[in-house]
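**Student:** Taken in sequence, the protein lines are chains X and W. Using the working numbering, count along the first sequence one by one with no gaps and you end on 345. Using the working numbering, count along the second sequence one by one with no gaps and you end on 345.
No lab work stands behind these hints: they were computed from the structure. These numbers come from a predicted model, not from an experiment. This list has only true hints and no planted wrong ones.
Treat identical chains as interchangeable: a pair holds within one or across any two.
No more than 30 Å apart at the CA atoms, straight line, and that leaves these computed lysine-lysine pairs for DSS-like:
(1) Lys317 x Lys247
(2) Lys62 x Lys42
(3) Lys51 x Lys336
(4) Lys42 x Lys247
(5) Lys62 x Lys51
(6) Lys336 x Lys42
(7) Lys317 x Lys51
(8) Lys62 x Lys90
Number of protein chains: 2
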Amino acid sequence: MSRTVCVVNEFITEAHKVKINAIAEKAGFTVRYYLTKEDATGHIEDCEVLFGHWRSLLHEASGLKWFCCAYAGVDPYVPPFQFPENCMLTNSSGAYGVTIAEHILMVMLMLQRRMPEYTDIVRRRDWVNDLTIRSIQGSRITVLGTGDIGTTFTRRVRALEPASVAGVNRSGKVREGVYDTVHRLDELDSVLPETDILLMALPSTPETIGIMSKERIGLLPKDSILVNVGRGTAVDQAALMEALNSGRLAGAAIDVMVPEPLPTDHPLWDTKNLLITPHIAGNMTLGYTCDKTVDMFCEDLENYIAGRPLKHLVDLKRGY
Amino acid sequence: MSRTVCVVNEFITEAHKVKINAIAEKAGFTVRYYLTKEDATGHIEDCEVLFGHWRSLLHEASGLKWFCCAYAGVDPYVPPFQFPENCMLTNSSGAYGVTIAEHILMVMLMLQRRMPEYTDIVRRRDWVNDLTIRSIQGSRITVLGTGDIGTTFTRRVRALEPASVAGVNRSGKVREGVYDTVHRLDELDSVLPETDILLMALPSTPETIGIMSKERIGLLPKDSILVNVGRGTAVDQAALMEALNSGRLAGAAIDVMVPEPLPTDHPLWDTKNLLITPHIAGNMTLGYTCDKTVDMFCEDLENYIAGRPLKHLVDLKRGY
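When you get a sec, could you build the whole thing from the sequences and use the hints?
**Tutor:** Here you go:
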C-alpha cells in the first residue's frame, strides 16, 4: 500500500501541487488534495502526513506521523486538546512575517497620524486638517516577542528612523542583530516606561497569557500606543479599554482579541482611539504568504522523506 | 535704524526663537514674531527678511530682500502673482520628506490591504476577514518626482522589499542612488505599464499640470494603485474617477486635489476605492517638521548675513 500525504488547504494552486507532487512521488508517496475540512472528512484515515489547519481532522488518521500546521500559532493544539501521540507537529512560523509586518506598519502609522479621526472627518465631507500628529521617526519602539513577526517588522521599521527598537523575549538573546537592545521578559517593567510604541507579537503560552496586565499598561507613558497582532489573551482587555477611554494611552490597534469573532455588543467596539481589525494581519489571501507556507512544508517533506529532523518542529510543552 | 527680520508662523516655539535670535542679533538684526497674518498686517513695512507662508504680506514690506517660505510648494508665488522684484525666494523643500513619506507608506498599505473596506466592515461590527489583499513586497513602484519627498519615501520603502523602484524626473538623473532605474519624463509612457504602485510627488509647474492624463492613466496595469501627494493639478481628476469607478484601477489615495477644500457635492467624494485626505500629509502639527523648517531658515539666515548664496533658493521661472 502506498504511503499517503493529504493536503487540506483552501489556497492550494496548481503550481503548489506540482511542487509538492514532485517531492512526494519521488519517494513513492501518493498525495491527495482537499479544499476544506468537509471535503476531507471521512477520506483521510490512511494519511501519514497531513498539511492543513483543521485540528478536528487529526484524529481521523489513526496512523498520522506528522501534521504540518499551515498557521504560525499552534495554541489550539496544546492541552486540553489531545494531540495524537507519536505524531510530530510543525508550524508555518516564518511565512507570516512579511504580511503581518505590513499590517503593523499600517496601523502604527494610522494611529500616529490619527487616521481613524480623519476617516470620520472625510466621511462627513469636512475639511479639518490640523489634528496634532505623531511620527515613527524619533519614537522609542518596544517589540514584545522577537520571533519571525517581530524581527521582520523591525527590519522594515528601521528605515523609518525610530529613536530605538528594543526587543523583549524569554532569553534576552536573539539570533539576528536587528534590535538596539534585547531584554528578558523579567525586565519588561523597566522597558515599558521608555516606550512610545509597543508592538506585541507573542504566541499564546502560559507565560504570555495576561502579560500586559493592568499594572503593566499603567507603566506605559501617557500618549504611547499599543499594537497587538499575536494573541488576544496577552492583554488585559478591561484595563486596555479603561486606559484608552480615559485618554491615558493615545491609541491601540488590535487584530486579535477575546473572543473572536467579537460579539456586536462587546464594549471593545466603543472604545476610544481603538483600531479593531477582524484578525486579518496574517491573511491567507496574499499569494506570497501561501507560497511561503508551501515552501516550508516542502522543505520539511524532503527532510521527512530523508529521515532527517524536521526544521519547523514545535515543542508542544513550550507552545511554539 | 536696525535691520529687521519678521517671522510670521503659527508653530514657532520658544526654542525656535532662541535659535533664530542668536543668529540675527549677532549681526545686529532685530527679530519680531507674529503668529498669524492678521497679527502681522500693518506692522512689517520695515521688514528686510520675512519667514512665513502668507503671500499677501509680501507687498507690505517695501524693502523686502528675502522671503523664506515655510512650505515646500511655491506655486502660489509664480505669475499671475507678482512676486516683489529684487527679492529672493527660498522654500522649505527638505523639511517635509519624513512626514509625507510616512503618510505615503500609510495610504499605500491601506490601499494594498483594503483598509477602506475593512473600516466599513468594522464600523458595522461585522467579522469578514477574507478580502484578497496585495503587498508592497514584490510590487513594482514608480516614483514620479524624485525630490525630497520621493527620495525620502524610496529610502523607507526599500526595507519592505518591493520588486523595484523606478524614479522619473526631468533630467533622468538623481544625486542619490536609491532608485533601481531613473527615467526622463519623456520616457514615462514606457514606465507606466510596468507599474503596480505609482507615487506622484511633483511640484505644480507648467510641465506637471495634467501630466497624469486620461491616456496615461490608461497605461497603468489593471489592479495598480495611484497615490498623489504633490499637487492636485497633476492628475486628470475626471479620468481618475472613471478609472476607479469602472474598476480599472484597484485604488487611489489623494491628499491634494482641485479644488481645495473639496466642495461637499464634488463627485470625488463618491468615487470607488478612492482614499481622500484633506491635505494633511505635510502637516505642520508635527514638531519634527517645524524644527526642520526653522533649521533650514537659520542655515540660510547665516548665509544671508555672511553675503553667501542662499542654499534653498527657488528658481521662479522653473517653479521649484
